[in-house]
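> For reference, the chains in residue letters:
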Amino acid sequence: MNNRLILSIAIPALLTTLLVVMSLAITVGAANINWQDVWLIVFAELPYIHQWIEPSWSDSTETIVLDIRMPRVILAAIVGAALALAGAIYQGVLRNPLADPFILGVSSGASFGAALVFAFGFQVVWLGKFTLPVVAFMFGFGTLMVVYFLARIGQKVRMETIILAGVVVQAFIGACLSLVMALANEQLQTIVFWMMGSLTLTDWSYNQIVLPIILICSIIALFYARELNMLGLGEEVAHHSGVSVEKTRFYLLILASIMTGAAVSVSGAIGFVGLVVPHIIRLIVGADYRLILPLSIFGGAIFLVGADTLARVLMAPRELPLGIITAFLGAPFFAYLLRRTKREYF
Amino acid sequence: MITIENVSKQVENKWLLNDVSFKVDEGACIGLIGPNGAGKSTLMKLLSGLEEPTSGTVKVLGKEAGKWSVKKLAQKVSVLTQDGLSPYPMTVYDAVLMGRYPHLSFFQREGTEDYKRVENVLSMTGLDSFRNQMLDTLSGGERQRVAIAKAMVQEPEVLLLDEPTSYLDIGYQVNVLNLVKEWQNRDQLTVLMVLHDLNLAAQYCDQLVLMNNGEVIKQGTSEEIIEADTLQTVYQTKPEIIRHPKSNIPQILL
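Chains as they are written, first to last, in the working numbering: chain A, 1 to 346; chain B, 1001 to 1254.
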């Protein structure tokens, strides 16, 4: 089947699934809201359409839908999409099936930054409540830069070297992080909870800063699908076919890391999405990045919206860390697919 | 087409190439031969812009290889290596289509013209029935044929081959070189190939360049190069030279 056909079937199907999962996610919680109301409330907010909709719900329902659950569900979709796409890119660039968005230390750096903010309670005046995401992002991105330039020998960066550099830098930052945690007795729980990933602290403003960043990076990244395929055929083959290998890899790592950094800065380090979702997509559609990249976006969004909903309701009113749910769901499903697949796929 | 002038290449303390000079004219087919470590592959890397010479100039179509942008160079020069395409789970069709990459801008997708070219090449190389097969299900020889098809779709003016037949059985060796030769005659292609098999080199190349220890030892026709004493100085073994019964080209026996 050719790619265009696959995409023209898969994208509408996944988009519909995403919308269904999102609307279901909005319905569940301490107050149950039926899904018709969810859609009506959303439509009532849209220009032109709102005049045909007669409000039949209470103000509190509207507040819960629009101001509490919706921003969170949408943020889960954005973060999931970003992590899955970034994971697919890392796996393609590093040509390593174990690569995930955190392999080069972006999340360790971000966690360290976040831990500093929590532990010492500082706030940059002009950043206000965005201090945490901004500091986390800067630390995450800074870590990637350190890893990249550590791995750079002459003009070239070997992929094995960069993975090793990532391991080394992560070990060091891990130690720094542990130190901060050891010193931060009162805030310890907040830090641990954040590190396991969580979307508890959300309102629309987080969406507004993260969405444009991730959207722009995703669109650019989608254009790189062809180059990722060529890198799959081998570094030299890619060079001989006209791909500037070093430049392309650098740009792709930057794009993926900006997305990861942005996602981690608002949600903490949610593991497994970036590792498992691209693999699941790859197992289903094959190794062509023209399919893997766009489908990972949807797969990641659906996966994380579902996982976050479970995190909210499984032990309600207590909330579970999202990272636990993603691993609980992702690992067995991935294991099942891996056993079922007979041919090599990476 | 290709001018190599006083080229030397040093890596760490070792000189891989030492003051190498020769030319390849348009439409010529030159064979680069010599023992392991002679510097043949290094020379190919300089020509394809993968590496830069320590001194001297390597010019492709009048411009230094390293000065071309990677994409522009790929419009002019196709390269076929002994490893060819890796056994990646991608269809033959998609792999061949990638040959169009250097002719497309970053945002441009392949169009009807590009598909037409791929169709053409697939039938010329006899790969029509393989089009939906995955590269990882093909044999080394079949993959090498896909690599040639991809190089053809690239529509270069120069073709560089670095031991394209090393891992292939005799059937595929001849098959691959015949494809190259047909292509060369059809499009006035300029070909420079590294070959280990001296008999194939003598049969398929107009001229041979014999290298040893990073230097050019001798350049000439197969008559001049495939000669017992010359080969002995380079390979440390004296072969018997006989004539091919049909083409009368010199061939070696060990």
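No lab work stands behind these hints: they were computed from the structure. There's no promise every hint is true.
Claimed, not checked - Label pairs and their calculated CB-CB ranges:
1) A:Val134 with B:Ser1055: 46 to 54 Å
2) B:Thr1112 with A:Ser244: 23 to 31 Å
3) A:Leu7 with B:Thr1137: 23 to 31 Å
4) A:Ile254 with B:Glu1005: 35 to 43 Å
Unchecked claim - For lysine to aspartate or glutamate, the following EDC-like pairs were computed, each having C-alpha atoms within a straight-line distance of at most 16 Å:
5) B:Lys1063 with B:Asp1025
6) A:Lys156 with A:Glu235
7) B:Lys1181 with B:Glu1157
8) B:Lys1071 with B:Asp1206
9) B:Lys1059 with B:Glu1005
10) B:Lys1071 with A:Glu236
11) A:Lys156 with B:Glu1005
12) B:Lys1023 with B:Glu1064
13) B:Lys1071 with A:Glu62
14) B:Lys1063 with B:Glu1157
15) B:Lys1071 with A:Glu235
16) B:Lys1023 with B:Glu1155
17) B:Lys1181 with B:Asp1206
18) A:Lys156 with B:Glu1052
19) A:Lys156 with A:Glu246
What the hints assert, rightly or not - To list a few chain B residues with every Cβ distance to chain A over 10 Å, as calculated:
20) Gln1010
21) Asn1018
22) Ala1028
23) Thr1057
24) Ser1086
25) Leu1138
26) Gln1173
27) Arg1186
28) Asn1199
29) Thr1233
30) Ile1241
These figures come from a predicted structure and were not determined experimentally. In this text, a Cβ means the ideal position worked out from N, Cα and C, and glycines have one as well.
> Now look at each hint and say whether the structure bears it out.
Against the structure, the hints come out as follows:
1. A:Val134 with B:Ser1055: 46 to 54 Å: Because 50 Å falls inside the window, the suggested range holds.
2. B:Thr1112 with A:Ser244: 23 to 31 Å: holds, 27 Å
3. A:Leu7 with B:Thr1137: 23 to 31 Å: holds, 24 Å
4. A:Ile254 with B:Glu1005: 35 to 43 Å: holds, 39 Å
5. B:Lys1063 with B:Asp1025: Holds, at roughly 15 Å.
6. A:Lys156 with A:Glu235: holds, 12 Å
7. B:Lys1181 with B:Glu1157: holds, 14 Å
8. B:Lys1071 with B:Asp1206: violated, 30 Å
9. B:Lys1059 with B:Glu1005: holds, 8 Å
10. B:Lys1071 with A:Glu236: With a Cα-Cα distance of about 13 Å, the restraint between lysine 1071 of chain B and glutamate 236 of chain A holds, given a limit of 16 Å.
11. A:Lys156 with B:Glu1005: Not satisfied, since the Cα-Cα distance of roughly 27 Å exceeds 16 Å.
12. B:Lys1023 with B:Glu1064: This hinted pair holds, its Cα atoms lying about 14 Å apart.
13. B:Lys1071 with A:Glu62: violated, 55 Å
14. B:Lys1063 with B:Glu1157: Distance of about 14 Å is within 16 Å: holds.
15. B:Lys1071 with A:Glu235: holds, 14 Å
16. B:Lys1023 with B:Glu1155: violated, 22 Å
17. B:Lys1181 with B:Asp1206: holds, 11 Å
18. A:Lys156 with B:Glu1052: holds, 13 Å
19. A:Lys156 with A:Glu246: Holds, because 7 Å separates the two Cα atoms, which is no more than 16 Å.
20. Gln1010: Non-interface label stands for glutamine 1010 of chain B: nearest chain A Cβ at 14 Å, farther than 10 Å.
21. Asn1018: holds, 22 Å
22. Ala1028: holds, 21 Å
23. Thr1057: Holds, because the least Cβ-Cβ distance between threonine 1057 of chain B and chain A comes to about 20 Å, which exceeds 10 Å.
24. Ser1086: violated, 4 Å
25. Leu1138: Non-interface label on leucine 1138 of chain B holds, nearest chain A Cβ at 13 Å vs cutoff 10 Å.
26. Gln1173: With a cut-off of 10 Å, glutamine 1173 of chain B remains clear of chain A, as the shortest Cβ separation is near 21 Å.
27. Arg1186: holds, 21 Å
28. Asn1199: Given that every Cβ of chain A is farther than 10 Å from that of asparagine 1199 of chain B, nearest at about 27 Å, it holds.
29. Thr1233: Given that every Cβ of chain A is farther than 10 Å from that of threonine 1233 of chain B, nearest at about 32 Å, it holds.
30. Ile1241: holds, 36 Å
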